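> Listed below are the residues making up each chain.
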Amino acid sequence: MMQYWPLMLKSAGTTLWLSWLAMLLGALGGTALALLRQIRFAPLRWVVIGYMEFFRSIPILIVLFFAFYGVPLLLEVDISPFVAATLALALHASATMSEVVSAGIASVGRGQWEAAAAAGFSWPQTMRHIIAPQALRVILPPSVGVFITTLKESSLASIIGYIELTRTGLLVRDSTGGGFLPLLALGAVYFVINYAISQVGAALERRLHIGRRSDLVGAMA
Amino acid sequence: MGYSFTLRTIYPYFGDLWQSALNTLSLSLLAIVLSIALGALVALMRRSALRPVRLLGAAYVEVMRNTPLLVILYLVYFAAPEAGVRLSSFMAALVGLTLNSAGYMAEILRAGLIAVPPGQFEAAQSQGMSSAQVLRHVVFPQVFRTIYAPLGNQVIAVILASSLATAVALDEVASWMQTVGSSSFRFFETFVVAAVVYLVLCQSVNIARILIGRKLFPQGRRA
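First to last, the sequence lines map onto chains A and B. First residue of the first sequence: 359, per the numbering used here; consecutive thereafter. First residue of the second sequence: 3, per the numbering used here; consecutive thereafter.
Okay, chain A solo, but in the shape it has when bound (with noise of 0.2 Å):
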């Protein structure tokens, strides 16, 4: 088991740069979504509304499939299990993240946007300088929580073969003559890993001020 640290480790590593990968792609989507849905058109805003709620009800594992096995039939594109779990993850964690940045933007009183427009503040101004710097503070700290629900979800491209942290834990596991040993550890890797991140995102809370990470829907993972 001893020998196997390193490459439990380097997969480690791996999972950290899916998930990160996914959130960032999560994030900038979220962002967006929740900026269209500051535009008052009532279509608009219930495309973005359905997007959200589609993914919020969905599993991310039918997606996931979706993306590795659908899409290439669809579209007769290649897809490799890291692009299609990029993708599953990243789709779900925009959901959530159009949620976490929405609140963000409502958690900011009228009172600062009319006070930017008597100023003569542009709309694109008062978000940036007005809007984004004040909301950004009720944004981060749920989002940690997201990412350590989109690190967590990672682990089910090793359902589609993806070799990250989970599926090296289990090759590791069939070369040891099974037990349940590597398992044990595998779970040890991610706790760690999780454990500091929530640790990270609690010192950002005490910082800024604000409530404890909320579970959203379908953080479980």
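Don't read these hints as lab results, they were simulated from the structure. One should not assume that every hint holds.
To be verified - Ranges of calculated distance between the beta carbons of each label pair, as one might list FRET restraints:
{"id": "1", "chain 1": "A", "residue 1": "Ala554", "chain 2": "B", "residue 2": "Arg53", "range": "22 to 30 Å"}
{"id": "2", "chain 1": "A", "residue 1": "Gly519", "chain 2": "B", "residue 2": "Phe187", "range": "13 to 21 Å"}
{"id": "3", "chain 1": "B", "residue 1": "Thr8", "chain 2": "A", "residue 2": "Pro491", "range": "17 to 25 Å"}
{"id": "4", "chain 1": "B", "residue 1": "Phe16", "chain 2": "A", "residue 2": "Gly519", "range": "22 to 30 Å"}
{"id": "5", "chain 1": "A", "residue 1": "Ala561", "chain 2": "B", "residue 2": "Ser185", "range": "49 to 57 Å"}
{"id": "6", "chain 1": "A", "residue 1": "Leu529", "chain 2": "B", "residue 2": "Met93", "range": "22 to 30 Å"}
{"id": "7", "chain 1": "B", "residue 1": "Phe142", "chain 2": "A", "residue 2": "Ser438", "range": "49 to 57 Å"}
{"id": "8", "chain 1": "A", "residue 1": "Leu432", "chain 2": "B", "residue 2": "Leu43", "range": "43 to 51 Å"}
Unchecked claim - Anything over 10 Å on all C-beta distances counts as not near chain B; from chain A, calculated:
{"id": "9", "residue": "Met360"}
{"id": "10", "residue": "Gly387"}
{"id": "11", "residue": "Leu393"}
{"id": "12", "residue": "Ala400"}
{"id": "13", "residue": "Tyr427"}
{"id": "14", "residue": "Pro439"}
{"id": "15", "residue": "Val441"}
{"id": "16", "residue": "Leu445"}
{"id": "17", "residue": "Leu449"}
{"id": "18", "residue": "Pro482"}
{"id": "19", "residue": "Arg495"}
{"id": "20", "residue": "Gly527"}
None of these values were measured; they are calculated from a predicted model. By construction, the Cβ of each residue, glycine as well, lies at the ideal position given by its N, Cα and C atoms.
Given chain A, work out where chain B should sit, using these hints.
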């Protein structure tokens, strides 16, 4: 291109879908009920007067919230036989899902208990109420109101998470999508069907939660 959407090819598999959907539903329902019970136990442990008990409760929550459900499922599935317990796929999935969900339930219930100020316990007791009465008439209504919305979220999370049971070889909706898709090469169609099943399940919970919430808390903002 030239992919045409047709459900006809997968009609023969709709019988299996019914069975798979029942598995998803029964697995989720059982896991929700059992994890509320286990979660309540952990939440009470975290309020215990004994420090080791409190720490154990806190450790349980942290471990479950920071470890992927998939790893817990594999652990249960592979470790149980080594401990001499033969678990079916369904039982392994149920145990794993319950253990994991209980970590979240414990946090939800704990938040609910915190919302009841200690003075209320004392006030109710000084009115001559028994502890059962205090629990029933004073604590429960307030706890329930606080946990109502997050509890609904957790119910949905469990339904979605039950899809991971496919990894321990349980026939549920996600594995239906996978097996039927790979035998018919109709992954788009199976995806749409599976998505509809999950959407219907989750949105019924969502809508029921809002409607019941309006009835239960007519003056409240939380629904």
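> Taking the hints in turn, state whether each one holds.
Results for each hint:
| no. | hint | in the structure |
| --- | --- | --- |
| 1 | A/Ala554 x B/Arg53: 22 to 30 Å | 24 Å, holds |
| 2 | A/Gly519 x B/Phe187: 13 to 21 Å | 18 Å, holds |
| 3 | B/Thr8 x A/Pro491: 17 to 25 Å | 52 Å, violated |
| 4 | B/Phe16 x A/Gly519: 22 to 30 Å | 28 Å, holds |
| 5 | A/Ala561 x B/Ser185: 49 to 57 Å | 51 Å, holds |
| 6 | A/Leu529 x B/Met93: 22 to 30 Å | 26 Å, holds |
| 7 | B/Phe142 x A/Ser438: 49 to 57 Å | 52 Å, holds |
| 8 | A/Leu432 x B/Leu43: 43 to 51 Å | 47 Å, holds |
| 9 | Met360 | 20 Å, holds |
| 10 | Gly387 | 19 Å, holds |
| 11 | Leu393 | 25 Å, holds |
| 12 | Ala400 | 20 Å, holds |
| 13 | Tyr427 | 5 Å, violated |
| 14 | Pro439 | 14 Å, holds |
| 15 | Val441 | 16 Å, holds |
| 16 | Leu445 | 13 Å, holds |
| 17 | Leu449 | 12 Å, holds |
| 18 | Pro482 | 32 Å, holds |
| 19 | Arg495 | 22 Å, holds |
| 20 | Gly527 | 7 Å, violated |
The structure shown violates the earlier hints numbered 3, 13 and 20.
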